[in-house]
Structures are given as structure tokens and as C-alpha cells.
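The task is simple: from the sequences and hints, build the whole structure.
Protein sequence lines correspond, in order, to chains A and B.
One point on numbering: in the numbering used here, the residue at position 48 of the first sequence is 48, and numbering is uninterrupted.
In short: position in the second sequence from 1, add 1000, done, that's the numbering used here.
For each label pair, taking beta carbons as the anchor points, the in silico distance ranges come out as:
#: 1; chain 1: A; residue 1: ARG37; chain 2: B; residue 2: ARG1179; range: 23 to 31 Å
#: 2; chain 1: B; residue 1: GLY1325; chain 2: A; residue 2: PRO12; range: 54 to 62 Å
#: 3; chain 1: A; residue 1: LYS41; chain 2: B; residue 2: SER1177; range: 33 to 41 Å
#: 4; chain 1: A; residue 1: THR103; chain 2: B; residue 2: GLY1033; range: 27 to 35 Å
#: 5; chain 1: A; residue 1: HIS81; chain 2: B; residue 2: SER1388; range: 39 to 47 Å
#: 6; chain 1: B; residue 1: ILE1180; chain 2: A; residue 2: GLU49; range: 24 to 32 Å
#: 7; chain 1: B; residue 1: THR1148; chain 2: A; residue 2: PRO73; range: 44 to 52 Å
#: 8; chain 1: A; residue 1: HIS13; chain 2: B; residue 2: PRO1081; range: 44 to 52 Å
Simulated coverage check for chain A against chain B, where a stretch passes if three residues somewhere in it have a Cβ under 8 Å from a Cβ of chain B:
#: 9; segment: 104-111
#: 10; segment: 122-130
Each computed DSBU-like pair below joins lysine-lysine, with the alpha-carbon atoms no more than 35 Å apart:
#: 11; chain 1: A; residue 1: LYS115; chain 2: B; residue 2: LYS1346
#: 12; chain 1: B; residue 1: LYS1127; chain 2: A; residue 2: LYS112
#: 13; chain 1: B; residue 1: LYS1127; chain 2: B; residue 2: LYS1145
#: 14; chain 1: B; residue 1: LYS1011; chain 2: B; residue 2: LYS1030
#: 15; chain 1: B; residue 1: LYS1065; chain 2: B; residue 2: LYS1127
#: 16; chain 1: B; residue 1: LYS1145; chain 2: B; residue 2: LYS1074
#: 17; chain 1: A; residue 1: LYS112; chain 2: B; residue 2: LYS1345
#: 18; chain 1: B; residue 1: LYS1065; chain 2: B; residue 2: LYS1145
#: 19; chain 1: A; residue 1: LYS72; chain 2: A; residue 2: LYS41
#: 20; chain 1: B; residue 1: LYS1345; chain 2: A; residue 2: LYS115
#: 21; chain 1: A; residue 1: LYS28; chain 2: A; residue 2: LYS55
#: 22; chain 1: A; residue 1: LYS112; chain 2: B; residue 2: LYS1346
#: 23; chain 1: B; residue 1: LYS1035; chain 2: B; residue 2: LYS1011
#: 24; chain 1: B; residue 1: LYS1036; chain 2: B; residue 2: LYS1011
#: 25; chain 1: B; residue 1: LYS1321; chain 2: B; residue 2: LYS1346
If you're looking for bench data, these hints aren't it; they were derived computationally from the structure.
Cβ coordinates follow ideal geometry from the N, Cα and C atoms, glycine included.
So you can see what is in the structure, the chains are spelled out below.
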Amino acid sequence: MATKRLVLNFPPHLIDQPVTYQLITKYKLRVNILRARITPKEWGRLVVEVSGTKKNLDAALQFVAQLGLDVKPLAQDVRWHEDRCIECTACTSICPTGALSVTRPEMRVSFKHEKCIACELCLPTCAYGAVEIMF
Amino acid sequence: MAKTIQEINEKIKSGRAVVFTAEEVIGVAKSKGLKKAALEVDVVTTGTFAPMCSSGAYFNVGHTKPRIKLGGGKVTLNDVPVYTGLAAVDLFLGATAIPDDDPRNRIHPGRFAYGGGHVIEDLVAGKDVKLVARAYGTDCYPRRKLETLLRLEDTNQAVLFNMRNAYQNYGVAVNLSDRIIYTYMGVLQPNMRNATYCSAGQLSPLLNDPFYLAIGMGTRIFLGGGVGYVVGSGTQHNPGVPRNDRGVPRAGAGTLAVTGDLKLMQARWLRGAAFTGYGSTLAVGIGVPIPILNEEILRCTMVTDADIVAPIIDYSDAYPKGIPGNLGEVTYARLKSGSITVNGKKVPTAGLSSYARAQEIATILKGWIQGGEFLLTEPVTTLPSVDSGIVFKPLNERPINNNSSAS
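Next comes the structure, spelled out in C-alpha cells:
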């Protein structure tokens, strides 16, 4: 079983395609929708976590690419700039998954990519531009 | 047997000074006992790194040909207005100044992504900034327009001058209302779903010298990565705040005014800060050395996070309305554990002051002193203390009477 977090970008002419349905029924993937923005006539964006056998995942990604969707790993869209972070810990209390966390009592802040779901709750709390999310 | 600063400096010069950070000294004093430790330890270093709003810098940018009178005119640095009510080419840049109509600030809550603090950071980082000026022109200073790129090294003088830094303790902010609020203590979630605090606690300079016995006017300090000096007490310096039996204030009390040569500082320790929905400011790194002249001074540096309490304040209603009181007090040890309990409710906490960076500053300053490159100074005069009679007054509003013909 492999799990991937992906950002699927739908060009305007494809936003009414039931892609998620296909991922589940045809490719037997467990799909968790983390974030979705779909507006008529605009690019749609889906942030999903998909799990399945490697074979099915690869086939599903091929299908989706062939359809004309743009697929990127979520990791690329979420950036923690360690050089800008001052480790004040302001962000750590709001992060729902613990992607942004603090070790105690040293009070060192760190970011775990794989836990981030791009919920953006941390963005307004960081005064130093250390978290950047391209959503 | 009391030590003198002169004796300590002799030890520093010969590389024999015994120096600990304010965190390390807690363990040292506990294991050796107060008496022995006071004889052996020469200096305790403190540190803090957090937003400090009453900060700024003044510059002399040099004269143009023909000359221009920036004084009394309109000048911006990277679109941030600077104060020109000074001599012809002297400018004052405040940390919280923001561009006149920044689109990023127009829509609620506003990002305040760039302001005076960011200009200071950019200058210290060696970047070019845009200087745009309009002057009213005089016979001796005829020029009326100036637009130029400017770098810190181009200026004659560039001096950091912060009227209020290093607050001795502060409050803990919560939000009792049912809407998110945007404050200088960060984004506060409704129904007390988070609490923020802003202090370096046991590393904080003035919390390690609660009665200002060691720190005074002229004290040499680590400031913004370079060397600076305490000018005196800062604005809102309020020594009369209630204290615990060790003299540690139970709420925000004393403050410091500090200054230093900006050209010798580093961007790592002077960072522009953007508080969503509130404004822009400057995060400043400060480290103050405390000479261990006697047992009493050492005892004060042994303060721990568990010894320092802060009041919990509602920023949704009580604070904006100026209503005194609090929802209780909590120790910094509790705050730094990640959650506190208020009225039976578990509230997650978040800091605004970087303890990790405060540690780093105290350690850097320790290194400077051990390395013989940083000598302590004798304060020229002490900061006003509890017997000074200082009272922190609110603004007494008095109407301006426009009808009176008598003056």
C-alpha cells in the first residue's frame, strides 16, 4: 500500500469530470479530499491523499495525466523557509496535524512535510514569512 | 566580599572570566550554593528576541548637488514614510510605519507585509532601498525632488534608536469573544481557543535584574548582532507593578531604551515582522550581561520560568476598553508546556518571543565575554526603581475649547 498527497489542477473544461469517482471505483484508491476549490469557468484545484497498491496508483496517475489534469506532489506547494523562521512557536498551537511542532523545553520549531495538509491556518500567525503555501 | 566591574573586566581581558547564561547559572548556583557561586561566577548573560514596537533608526544620508532640504519635506524609503522633522538630510525611520496605501492592507484583516521594520532589515542586510523625496525648496537648499537608491553603507550615520525594548514581563492574551481577533499578540481564536505570551522568561534581561541593580544607563549590550548601549529606561517603564516575594514583577513593568551603530548589526537579529490584521514592526535581538557583584545579584539571576507569573488578559473586550483586571495568573513554565488551564478550560499556548533565539543570544554574548572582546561598563546612573514614585498614567482627555476668546 502506497500513499501520496497530490495537488490536482483541473483546466476549466474538465472541472465537471467525475475524476474522484474514477479514482475510487476504477483504480480502487482510497481518496481523502483535504482541500477543494472548484469555480465554474476557472481552474479547479483538489488536494487529495490517495492510497492504493503501487500498480493502481501509477495507473491512476497516468489516467489523470492523459485526461489533461496537472498533477503535482503536495510537498512542492508547501514551503517552510527555515532561514526566515525565528522559532517563536506562534504557529505550532494552531497546526491541526502537528506538521509544525515544537520540542520542549528547548522550544525548537520544526516542520514535517508529510504531515502538512495545506490547511493554511498557520499563514496568518507567522509574522516572518516562514510559511508559504501556493494554493 | 563584593566584586567590582573593574575587577571583572580585568578577568575578562586576561581570558579568565567565569561566564554562564541565565539558564545555565540556575544549575550552577544550585549545585555550588549561592555563596560559593557568587564568588566564582563573574557574569551572567541574558537574552531576548521578539517584536519590540517602539524601535527605529535615524540616518544622515549625505547632501546632494544641488542641496535638498529633506527636513520638513516628504520622504519615503521603499514607500514607507520616514519622519523628516529634523535637519536637512537627517531622517528617522520608525519600525511600525507603513506605506500610505498598501493594497495588501486594504482588505480586512490586512497583511501589513512591509513596513519600517522591514526597511531596517533590508538596509542591515545590505540591500538597496528606494529613497523618494519631495522638498519645499529654500534659497540655500533649492532642490525639490530626489529619487535614488540608497544602501546602508552609503549613509554617514545609521543608528538604531529604540525607545522601548526588552519589556520586563508582559501579559498573556486570550479572546473571550466569538470572532477571531487580530492583535499585536497574534491571531487570537474565539472562545479562548488559544493563548499567546511574549517574554523570554528566565532568560529575559530585566527579569534577571528585577530591581535594576545591575543594568543602568550606559550598560554595554548585545544589540541586533552588534554592540549597543542602554540609554535609560524606556517608554512606559513602570517599576511600581506588584511583585512576588523575590521582587519579580507579576505583569509588564520596566523597559529599556537602547541604541547602537546599525552598520555593525545583522539582519538575523533585526527582522521585519508582519502581524496580520494589526501592523508591521521590528523583532529585535538583545542580550544584557549582568555582573555578579554580590550574592543578591546572583540570586536574582537564578529566577526560573516557574517563578515568573503573567496575568491572563482578554483582548476582545477588557483590553480594548481599558478595563483593568485579569482572568488569573499563570507561570511561564506552564505557558511553555504547551497548554494552560483557564477557568477549568485547557487552552493551547503559543509564544511570540523566540526562546531558542534568546538562548543563542545569551550564548553569543557569553562567547564574546569569554573571548575577552566585550568588556562590561559601569552604569552612569541607575534606572528608576520601585522607590521612584513613577506611576503609569493613562491619557487624561481634556476638551480643546475652540469658543474661548481668551487664551
